[in-house]
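As given, the protein sequences belong to chains W and A, one line each in that order. Counting in the working numbering, the first sequence runs from 87 upward without gaps. Counting in the working numbering, the second sequence runs from 451 upward without gaps.
No wet-lab data here; the hints were simulated from the structure. This one's a predicted model, so the numbers in the text were calculated from it and none came from an experiment. There could be a bad hint or two in this list.
Computed footprint of chain A on chain W, listed as stretches where at least three residues anywhere in the stretch have a Cβ under 8 Å from a Cβ of chain A [as the list claims (entries may be wrong)]: (1) 179–191; (2) 221–227.
Pairs of lysine-lysine residues, derived as DSSO-like cross-links and limited to a Cα-Cα distance of at most 30 Å, are as follows [stated by the list, open to error]: (3) W:136 / W:221; (4) W:194 / A:579; (5) A:579 / W:211; (6) W:211 / A:463; (7) W:194 / W:136; (8) W:204 / A:602; (9) A:645 / A:602; (10) W:204 / A:463.
Restraint-style ranges between C-beta atoms, simulated for each label pair [said to hold, decoys possible]: (11) A:591 / W:152: 40 to 50 Å; (12) A:528 / W:217: 44 to 54 Å; (13) A:602 / W:199: 32 to 42 Å; (14) A:538 / W:228: 44 to 54 Å; (15) A:628 / W:133: 49 to 59 Å; (16) A:482 / W:132: 39 to 49 Å; (17) W:228 / A:519: 33 to 43 Å.
Each residue gets a CB set at the ideal place from its N, CA and C atoms; glycine is no exception.
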Amino acid sequence: MFERNKDRQPEKIETPAPAASAIDNSSTAYRAPATATGKSAILGATIRVKGEISGDENLLIEGQVEGSVSLSAHELTIGKTGKVHANITARTIRIDGEVNGDIAGKEKVVVSSSSNIKGTIVTPKMSLEEGARFKGTIDIDPAHANSGTGFKPATDKPA
Amino acid sequence: MLNTAEQFDNSGKQVLQTRLMPDLIEQLAGNSPLMVFDVGYGVHETVEFFGNRRCRLHFSALHTCLQTPPVIRSKIPFGQLPNADEQDTALYLAWLDRFRSALKFEQGTRFDLCLFWDFLNYLDDQALKAFADALAPFTGPQTLGHAYILLKSDADVLKREYGLKAADQISVRPVNPGSPVFYARPQARVTSMMKGFVVKHSVLRRDGLLEAALKRT
Numbered sequence: 087m088f089e090r091n092k093d094r095q096p097e098k099i100e101t102p103a104p105a106a107s108a109i110d111n112s113s114t115a116y117r118a119p120a121t122a123t124g125k126s127a128i129l130g131a132t133i134r135v136k137g138e139i140s141g142d143e144n145l146l147i148e149g150q151v152e153g154s155v156s157l158s159a160h161e162l163t164i165g166k167t168g169k170v171h172a173n174i175t176a177r178t179i180r181i182d183g184e185v186n187g188d189i190a191g192k193e194k195v196v197v198s199s200s201s202n203i204k205g206t207i208v209t210p211k212m213s214l215e216e217g218a219r220f221k222g223t224i225d226i227d228p229a230h231a232n233s234g235t236g237f238k239p240a241t242d243k244p245a
Numbered sequence: 451m452l453n454t455a456e457q458f459d460n461s462g463k464q465v466l467q468t469r470l471m472p473d474l475i476e477q478l479a480g481n482s483p484l485m486v487f488d489v490g491y492g493v494h495e496t497v498e499f500f501g502n503r504r505c506r507l508h509f510s511a512l513h514t515c516l517q518t519p520p521v522i523r524s525k526i527p528f529g530q531l532p533n534a535d536e537q538d539t540a541l542y543l544a545w546l547d548r549f550r551s552a553l554k555f556e557q558g559t560r561f562d563l564c565l566f567w568d569f570l571n572y573l574d575d576q577a578l579k580a581f582a583d584a585l586a587p588f589t590g591p592q593t594l595g596h597a598y599i600l601l602k603s604d605a606d607v608l609k610r611e612y613g614l615k616a617a618d619q620i621s622v623r624p625v626n627p628g629s630p631v632f633y634a635r636p637q638a639r640v641t642s643m644m645k646g647f648v649v650k651h652s653v654l655r656r657d658g659l660l661e662a663a664l665k666r667t
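Chain W extracted, bound-state conformation (with noise of 0.2 Å):
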């Protein structure tokens, strides 16, 4: 009878789920930092932050938070329950939620039809998918694709 398990690997160790967990479709338990494994550290749909939020890994916002998001090498995911009142920079921005503050994605920023946003967006490159419906100004700036840090928005002409 003790047969049968004696292929099965050991099992993970278990670790509670922080604040700021990864998403892992295989049910396993997190260990490694997201930005090693190309997935996305959570914040979950209950949690509310105030404050600074910044971070080397890609995130995900399902909660609510008040203050600023800065990931500037990352990805960021507004999730469709994530509210965020902030100011938000990282390299690429995913927007399935709500967003009321200024958005700068240094590569791309993409906005579901899921999405309702107060702000103006800057950024090389910009999508609005089929059926978004966008209210606000949105800066683009092509030539700064791909160029890391160092974009800005257009500026307006002079009257």
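Let chain W serve as the given structure and place chain A on it in line with the hints.
Just chain A now, with coordinates in the frame of chain W:
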């Protein structure tokens, strides 16, 4: 000139052919950043179209300003005839205040292209004048515009959302804004109230809309 061109794209979306927009876009080819004012919501097609060049796109969704029009309450005692001019002035000022609140742009902003789509048809005379006056500080001698003007009140061309799919193609989606009040007017009456704009070219469409390319005087 009568334009009957109308078609559907691969997704079944209606597309209007435009002969006027290509000329407007070509005239603005050297403008960088291109400053675009769109009275409607930003939609997929418009963002994709302008997305390959340096530009600033302002989407104002001004139809939301029209959902509850201002109401002017007469201060004249009951039984006396109201002064029509005073009421018009009060209505104009109420609209002006509303549009100025909606059109708050950075100081020095000058638009190269104004996409009015069919918005002007939903404005009564006072609202139209107020809209033009509120927009005027953000236009300059080189500003161009595009509009669909409703000439016949029985034309079935309302409740639409527009996007610029290509220089010669305008996408159209049906929207449901309730039962909007609309105003059919001759071209000359519209431009007489659009401060500083004149019609450069126009094309009468079979559906009853007059497509107009506008420029500043």
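Problem - Range agreement (Cβ of residue 199 of chain W with Cβ of residue 602 of chain A, hint 32 to 42 Å) - result: holds, 34 Å
Practice task
Could you grab the alpha-carbon distance between residue 136 of chain W and residue 221 of chain W and see if it respects the 30 Å cut-off?
Solution key: Measuring from Cα to Cα gives roughly 26 Å; hence the hint holds.
Practice task
Confirm or reject the coverage of the region 179–191 of chain W by chain A under the rule of 3 or more residues with a beta carbon closer than 8 Å to the chain's beta carbons.
Solution key: violated (count 0)
Practice task
Assess, step by step, whether the Cα of residue 204 of chain W is no farther than 30 Å from the Cα of residue 602 of chain A, and give holds or violated.
Solution key: Roughly 37 Å between the alpha carbons, so the hint for residue 204 of chain W and residue 602 of chain A is violated.
Problem - Proposed proximity, residue 602 of chain A with residue 645 of chain A (alpha carbon, max 30 Å) - result: holds, 23 Å
Exercise for the section: State, for the Cβ atoms of residue 228 of chain W and residue 519 of chain A, whether the hinted interval 33 to 43 Å holds or is violated. Expected result: Hint holds: Cβ distance 41 Å, inside 33 to 43 Å.
Practice task
Could you grab the alpha-carbon distance between residue 579 of chain A and residue 211 of chain W and see if it respects the 30 Å cut-off?
Solution key: Violated, at about 37 Å.
Problem - Proximity test - 8 Å, beta-carbon atoms, the region 221–227 of chain W to chain A, at least three hits - result: It holds, with 7 qualifying residues against the three required.
Exercise for the section: Could you grab the alpha-carbon distance between residue 204 of chain W and residue 463 of chain A and see if it respects the 30 Å cut-off? Expected result: holds, 27 Å
Problem - CB-CB spacing for residue 133 of chain W and residue 628 of chain A relative to the 49 to 59 Å hint - result: Given about 38 Å between the Cβ atoms, the range is violated.
Handout entry: residue 217 of chain W and residue 528 of chain A - C-beta distance against the hinted 44 to 54 Å
Key = holds, 51 Å
Practice task
With a cut-off of 30 Å on the C-alpha distance, tell me whether residue 211 of chain W and residue 463 of chain A pass.
Solution key: Roughly 25 Å between the alpha carbons, so the hint for residue 211 of chain W and residue 463 of chain A holds.
When each numbered hint is compared with the structure, violations occur for hints 1, 4, 5, 8 and 15.
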